Amino acid sequence: MAKETQLRLEPLLWMLFSAGGVVTAFLIPVHLFLFGLAFPLGWIKAPEYASLMVLVAHPLVRIYLFVLCSLPLFHWAHRFRYTLYDGLQIKHLNEVINFCCYGGAVMGTVVAGYLLWNIH
Amino acid sequence: MKSSGTAPSYTPYHPKWYRRRVSTYWWLQRGEYLKFVLREMSSIFGAYFVVITLVQLYALSRGPQAYADFENWLKNPLVIALNAISFFFVVFHTITWFNLAPRAMAVRLGGKRVPDLLISGPNFVAWIVVSAVIAWFLLRG
Amino acid sequence: MAETIKLEIARFSPERDAAPRLETFEVPYRKDWVVLDALNYIKDKSDGSLTYRWSCRMGICGSCGMMVNGEPKLTCATFLADYAPTPVRVEPLRNFPVVRDLVIAMTDFMHKLVEMKPWIIRKEEKPLSEGEYLQTPEQLDIYKQYSMCINCMLCYAACPVYGLDPLFSGPAAIALAQRYNLDSRDQGAKERFTTLSQHEGIWACTFVGECTEVCPKHVDPAGAIQQYKLTAAKEWFKSMLLPWGEK
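Line by line, the protein sequences give chains X, F and L.
All letters in the first sequence, in the order written, are residues 1 to 120 by my numbering.
All letters in the second sequence, in the order written, are residues 1001 to 1141 by my numbering.
All letters in the third sequence, in the order written, are residues 2001 to 2247 by my numbering.
Bear in mind the hints are in silico, worked out from the structure with no lab data behind them.
Just so you know, these numbers come straight off a predicted model, no measurement behind them.
Glycine is no exception: its CB is placed at the ideal position from the N, C-alpha and C atoms.
All clues stand as given, with none of them false.
When the alpha-carbon atoms are kept at most 27 Å apart in a straight line, the in silico DSS-like pairs for lysine-lysine are as follows:
| # | chain 1 | residue 1 | chain 2 | residue 2 |
| --- | --- | --- | --- | --- |
| 1 | L | Lys2234 | F | Lys1112 |
| 2 | L | Lys2117 | L | Lys2144 |
| 3 | L | Lys2043 | F | Lys1016 |
| 4 | L | Lys2031 | L | Lys2045 |
| 5 | F | Lys1075 | X | Lys45 |
| 6 | L | Lys2144 | L | Lys2217 |
| 7 | L | Lys2234 | L | Lys2144 |
| 8 | F | Lys1112 | L | Lys2217 |
| 9 | F | Lys1112 | L | Lys2144 |
| 10 | L | Lys2190 | F | Lys1112 |
| 11 | L | Lys2043 | L | Lys2031 |
| 12 | L | Lys2217 | F | Lys1035 |
Stretches of chain L that chain F covers, calculated by requiring three or more beta carbons in the stretch to come under 8 Å of a beta carbon on chain F:
| # | segment |
| --- | --- |
| 13 | 2135–2148 |
| 14 | 2222–2230 |
Kindly produce the complete structure, drawing on both the sequences and the hints.
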């Protein structure tokens, strides 16, 4: 990717990183606590399949879930790319890194969109 | 005079000046650097959460039996352990994010800079409120 | 209370050595002495060939930055009493090439600073007859913190990104660019924008925050860089949404 295009994208990538950071900070802890620990361990009764499907049927919930599933991926992509630059000092592989990181985020977003569009 | 090799680009090249090479383990050499790298690594656990949520949505779309299998998989001790570690790191992200936010936004009111705690404090409160609201939505059945 | 304290000082002579080595000196311990006093004592009494920079000895010139026990410090502001009785290790500032003993080459920083155009830029100078530029205390407060920089480069020694990527503009240079961007008398933000939004400008920074921790003048360069990222992002929005706007 030409350096100029990269430079023009950088502010956008940073804004996606910031938005993803906000979503991760506000929303993920409670979701992870409930679905990852409290429900499986039986601390709190897990919602039934039927009630979850009712929730997911609502378009606003689908939009919420789409945001929840895409922005944190962009947050990860941007941070991980820079960690690889600085931590492993492999900046010379930056094309591969960018492709894997942002490509992964885009792919996850597409999967999320597809799943949420088709769920019924 | 441009320099060659790994020297800073505007330093004149002098063959006898000593240039220390930064170790690959630079981040282990100081506590502050290690905390920084852990903070950056916390984003991986956020991505992990997204992945299991996508798996969960897929299971939901395939019917009650598939979802029951997914819930059973979640009860696997290894998965629980991974979720516990992820939860710790995601909360670590939240705390470091809110503490850094005021420095990134120079909020000025009435000509003076708002103290950092007045920015991070409300963020923490909002976090608790939002979490409570989400929990209420999920638990009301 | 010990009567002497040991200093382990990095010595490097480019003609003689391939790499720096530590040499131990013993100096009298005085409660009110700083590391710079100890260095001056060594140069006076033990080894006149010890080479280091210093000037004001009161924390305003920015000359005496060195690594003291692995932390970037101004040696005129670092008390021996904080380390006694353990030996104090003094090394040249990290992330810069070492010229000799404790002296580093700072040409990289000087060049990057100039690239930031750290002076008031006006589209048109006001003629003298119109009087001074007026500035309220509120307008001063916006950039005053960033004007306190003494160019001591401790932030560059603390910044891991600068150590890993020598092309990075660095904390002090960007903070000084912000000092002028935020000055109400300045009209040069657009000119600085190109240099700052290079990949080795603000975008290489990952907000480690160590630069702010070590700054002896509380400039908060990390904050300045993040705030400019926000500014650059806003500029990007404007250029995307209003491409026909002013070039």
